[in-house]
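Start from the sequences, fold in the hints, and give me the full structure.
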Amino acid sequence: MARATSKNARIGWTVAAWFVALLIFFPILYTIITSLKTEQEAIAGFNLIPSFTLESYQTVQSQNNYWRPFTNSVILAVGSTLLALVVAIPAAWAMAFSPTKRTKDILMWMLSTKMMPAVAVLVPIYLIFLRTGLMDTRIGLTILLMLINLPIVVWMLYTYFREIPGEILEAARMDGASLRDEILYVLTPMAVPGIASTLLLNIILAWNEAFWTIQLTTTNAAPLSAFIASFSSPQGLFWAKLSAASTMAIAPILILGWFSQKQLVRGLTFGAVK
Amino acid sequence: MATRQTQGLARLMRAPAIILLFLWMIVPLGMTLYYSFLNYNLLNPGMTSWAGWFNYQYFYSDPAFFAAIWNTLVLVLGVLAITVIGGIAIAMLIDKPIWGQGIVRILVISPFFVMPPVAALIWKNMIMHPSYGVLADIARFFGASPVDWFAQYPLTSIILIVAWQWLPFATLILLTALQSLDTEQMEAAEMDGAPAHARFLYLVLPHMARAITVVILIQTIFLLGIYAEILVTTNGGPGFASTNLTFLIYRAARLNFDIGGAAAGGIIAVILANLVAIFLMRAVGRNLD
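Here the protein sequences come in this chain order: U and C.
With the working numbering, letter number 273 in the first sequence gets 273, and the count goes up by one each step, no holes.
With the working numbering, letter number 257 in the second sequence gets 257, and the count goes up by one each step, no holes.
Source of the hints: derived by calculation from the structure; they are not laboratory data.
Where is the CB? At the ideal position from N, CA and C, for every residue including glycine.
Hints are supplied without guarantee of correctness; some may be wrong.
[Stated by the list, open to error] Think about it this way: if two alpha-carbon atoms lie no more than 25 Å apart in a straight line, the pair counts; the simulated DSS-like pairs of lysine-lysine are:
1) U/K262 <-> U/K114
2) C/K96 <-> U/K262
3) U/K101 <-> U/K114
4) U/K104 <-> U/K114
5) U/K7 <-> C/K96
[What the hints assert, rightly or not] Now the stretches of chain U that chain C is said to cover, found in silico as 3 or more residues with beta-carbon under 8 Å:
6) 11-21
7) 123-134
8) 145-153
[Unchecked claim] Label-pair ranges, simulated between beta-carbon atoms:
9) U/M108 <-> C/N256: 34 to 40 Å
10) U/V74 <-> C/S49: 44 to 50 Å
11) C/L23 <-> U/P189: 31 to 37 Å
12) U/I139 <-> C/I278: 32 to 38 Å
13) C/I18 <-> U/G45: 41 to 47 Å
14) C/E190 <-> U/I168: 39 to 45 Å
15) U/T218 <-> C/A198: 43 to 49 Å
16) C/A198 <-> U/L256: 39 to 45 Å
17) U/L256 <-> C/W99: 22 to 28 Å
Structure below.
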């Protein structure tokens, strides 16, 4: 804000904002702190200073075979997002650069598929997975997550592609560029940032998906969301170990998320708020 | 640019996405509709028969159904109230000239990236646990007896957890809208002697109206489908005290193996979601032109 603010007011607002921010962040912070405690410390009452032991991390990895769900999460999130991009980039490209009268209707219809509650198709998807042998397989879940996020991917790419000015293509053509040159040297460099943002947001969404992953996996293909959900009873995992497993499950996506705040607004509101 | 050749190519490029989404929408939904008219239980698949409207009548006459509809409403409205009001307040706070705004933003947005089962388990064990949770520690510090959150206030506890997850989303979107507010207008209003509450009511709030609408509609879509948070904390109980429509259908399908009943519930969920969706499509569609 351009207005001059007195130093006292600024200090006041800063203290208030930091207090609220730390309050909101506290559950995550306390989980990270608890993951560095011993089990005895973890249940010994409120304490912000752990003994900085990595014991729980080691136990979670050796006892609970943490790397399998972790690998599954990576494969599912990245795989479904890449698959979605392969299908969505040409579609969004066509809709942005040679729109027809029906393009808007098609986009709205795609958005409407996202409104379908997952639980409404639980029965058929569950039965299909059961009968085709896709149950608890990475390939089945990858395809499913791809379909779930496809509308968002198409939409995000469309809003980015639409911002590439058409005149630049005409200019390239006037200079004698071929279609191949156009795509390779003019459009692609301008499209890459949009594609990267879309990739990032969708990896986050796929990583955190927790309805289908719980319904359609048991052990083989279970990603972290299903793995952590299986520890809903505390006898399975004690406080420090639960914290260690949780910290490892959210850390990669928390860091990715911090980098993609701006795209988050745009992607999740389907371009309605920028 | 729109020569016949490029149009043909464009159609070819659009086709895979459209066909895939069309199949994804029409096949499972058609199957759900079909199953909803069958007597079909996975424990007894040989006895499958045509049921007519029986599954709908059964679902409708089940007292758990009304409990679930009520809980769904309370859950959605409770979370919306907390996140929208809290989101406006926090967005305005972050928008003030403060030191470390970037870090404050990062801290506030973080819960949104925590996957639902982890968020629920953190709150269940670290925060709300009646013996080892932080809230119990605080209660004991003040000499009060700790609250057994999930036994005494199951639905409220879930509302708090879900609100914590969605507060960042509301804050971030409202902050984005707030930052596009014309500062000159605000300064003019201030110079003309408009008091702070008048500036908020007549300048800030109307400017954010569209963003608030978008927040409400998008959150509603996601909040109607809350599942993992219930599964790992209360499992829908005690009784049906924290069962929403999604969880009720999940129980029918996966715990009672009642394919017909779950399908009928699914169709009811589709109708509910569509009522919300119609409004959302209008709000978003306006932005396309």
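Query - Hint check, failures only - result: Hints 13, 15 contradicted; others consistent.
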